[in-house]
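Sequence lines, in order, name chains A and B. Position one of the first sequence corresponds to residue -1 (my numbering), numbered consecutively onward. Position one of the second sequence corresponds to residue 58 (my numbering), numbered consecutively onward.
Careful: at least some of the hints might be erroneous.
[Said to hold, decoys possible] Below, simulated SDA-like cross-link-like pairs (lysine to any residue); rule was C-alpha separation at most 20 angstroms, straight line:
| id | chain 1 | residue 1 | chain 2 | residue 2 |
| --- | --- | --- | --- | --- |
| 1 | B | 568 | A | 12 |
| 2 | B | 182 | A | 65 |
| 3 | B | 402 | A | 30 |
| 4 | A | 56 | B | 165 |
| 5 | A | 30 | B | 431 |
| 6 | B | 185 | A | 23 |
| 7 | B | 400 | A | 59 |
| 8 | A | 30 | B | 523 |
| 9 | A | 56 | B | 534 |
| 10 | A | 30 | B | 165 |
| 11 | B | 564 | A | 25 |
| 12 | B | 431 | B | 551 |
| 13 | B | 400 | A | 70 |
| 14 | A | 30 | B | 136 |
| 15 | A | 30 | B | 443 |
| 16 | A | 56 | B | 140 |
| 17 | B | 443 | A | 62 |
| 18 | A | 56 | B | 151 |
| 19 | B | 568 | A | 59 |
| 20 | B | 415 | A | 59 |
| 21 | B | 568 | A | 18 |
| 22 | A | 30 | B | 78 |
| 23 | A | 30 | B | 369 |
For the record, the hints were derived by calculation from the structure and aren't laboratory data. These figures come from a predicted structure and were not determined experimentally.
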Amino acid sequence: MRQTVINIWHFYQDGFRSMTLGRTLWLIILVKLFIMFFILRLFFFPRFLDSPAVGDDKEDYVSSELVRRGLGG
Amino acid sequence: MLEHIDTSLIDWSRAQFALTAIYHWIFVPLTLGLAVIMGIMETAYYRTGDTFWKRTAKFWMKIFGINFAIGVATGIILEFEFGTNWSNYSWFVGDIFGAPLAIEGILAFFMEATFIAVMFFGWDKVSKRFHLASTWLTGLGATISAWWILVANAWMQNPVGMEFNPDTARNEMVDFWAVATSPMAVNKFFHSVLSGWVLAAVFVVGVSCWYLWKKREKKFALASVRIAAWVGLCAAVLSAWTGDGSGYQVAQKQPMKLAAMEGYYEGQQGAGLVAFGLLNPAKQTPQDGVDPFLFRVEIPKMLSLLAERKTDAFVPGINDLLKGGYPLKDGSVALSAEEKIEKGKTAISAFAAYRAAKAAGNEADAEVAARVLKENVAYFGYGYIKDVNELVPNVPLTFYMFRVMVMLGGYFILFFIVVLFLAYKKDLSRMPWMHWVAMLTIPLGYLAGQAGWVVAECGRQPWAIQDMLPTSAAISRLDVGSVQTTFFIFLVLFTVMLIAEVGIMLKAIRKGPEQLTMDN
């Protein structure tokens, strides 16, 4: 079992080391993921139902919204 | 707090979602189709042992890798938008989407991440058989991921297998298999995936013809053209067949979308399909009496055949769908839009009454309200419609995009037949005009796929979930300015990433397939 894990480790290690174009692609992937999760997600795409305007009772908030938009008032 | 939802908020949020989805769909179909083409090439290597096929497969794998790397995770932004811009919708459908998206996430991560590593790192390190299996399983993983995403999309077009729970204000899944195998989902899956195969085939033929035009890599290019053209021809023919199935499903479940696709206002028996037509811009509303066409060429009775599988069947037009009163298959009479709106308001009132009764601990009143809600819940979304004409999608956009998709689908069948004829019976390498045709066909492959999605998504407006929830009820109460800001951030970000992809891909194509040594 231990040897299998080591073999898999070496498989990936060798693979990553021998990359040429792959290094550029991985850099693009990491920059993209950073932008998505640490900039867009945190600063531009907060979960609306977790915002203070909604409060703790999300189902009550959504229900009220659904009723108000349908019936007014 | 805003009392009414600003329509520009809906428009900008839809535009932002459309931008993200369009960008996402640039990468997905090429991934799905290239996986098949390179799988066939590696299978040829496995069966013959000829390193030419290994070299060929490795080149297209490199292109696959570039496309995969730039496209990976672009779909995650759509999920961000669900949580931020479409929070009511997310809450409303949460339990339905949870299972398919969780399965998709697990499969996408484990299956693709595992086998794609073997595919790229495993040449000469694992057996030929295991490597070949990994290549095919990479493609299968991507295809299964697509299945679950399309199941979620199909549910929005035709919500089945769920019940609305007024206690949680959510739809809850009661029949997983009804959701996972609905005819809408099955047709959508095959039609979308096959369109991806067509795009990839067009792409491979086009790039290979560039080599022929440059008088480079003749053997490699001709072999790639032959495999891709066979894949493309089969996929294009099957795509037309599944498109017919999708059309039938649309006729059954989303008749307003079908009517918009055809610019079809007044229903009739033995309705014809518009082969070519120019819509009349003077037509402003369904009720204005203006002829919707400046000119049209119809295929007689074809719309009835497509929609009902009978040449003399009645197909309702936009005005019939709004006015109701025509007989349905089950023997009942179709409700008018106003009657549906009334039922929708009854459902919403019952929902409000149920929650009020529950809050007051009045179980008897809650039971009565629950019964009324259940009787009318199928029309829940109509309660948000203020004017019956809101139920009509953008007819010109849907009509023209449908024709773009269908005509390009027909063109691709012809294109692949010609390519195969020239590749087998003539010397394709000496036909620069055909090289240019093939290269110029690449953007048409992308256009056809995007046009199809415009028909599917714009054609179902105003619904976020068909008949259950319009976009005006699905959207979060956000500031329009913040949505505009993120729209332009995405536009810049996506443009930069697309330029990066095209640049890297062109560089790889210019370099061409690498020479293999005896060792590799």
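Hints versus structure:
no.	hint	in the structure
1	568/B / 12/A	violated, 24 angstroms
2	182/B / 65/A	violated, 62 angstroms
3	402/B / 30/A	violated, 45 angstroms
4	56/A / 165/B	violated, 30 angstroms
5	30/A / 431/B	violated, 46 angstroms
6	185/B / 23/A	violated, 26 angstroms
7	400/B / 59/A	violated, 23 angstroms
8	30/A / 523/B	violated, 34 angstroms
9	56/A / 534/B	holds, 14 angstroms
10	30/A / 165/B	holds, 18 angstroms
11	564/B / 25/A	holds, 17 angstroms
12	431/B / 551/B	violated, 44 angstroms
13	400/B / 70/A	holds, 16 angstroms
14	30/A / 136/B	holds, 16 angstroms
15	30/A / 443/B	violated, 42 angstroms
16	56/A / 140/B	holds, 13 angstroms
17	443/B / 62/A	holds, 19 angstroms
18	56/A / 151/B	holds, 13 angstroms
19	568/B / 59/A	violated, 57 angstroms
20	415/B / 59/A	holds, 15 angstroms
21	568/B / 18/A	holds, 13 angstroms
22	30/A / 78/B	holds, 17 angstroms
23	30/A / 369/B	violated, 55 angstroms
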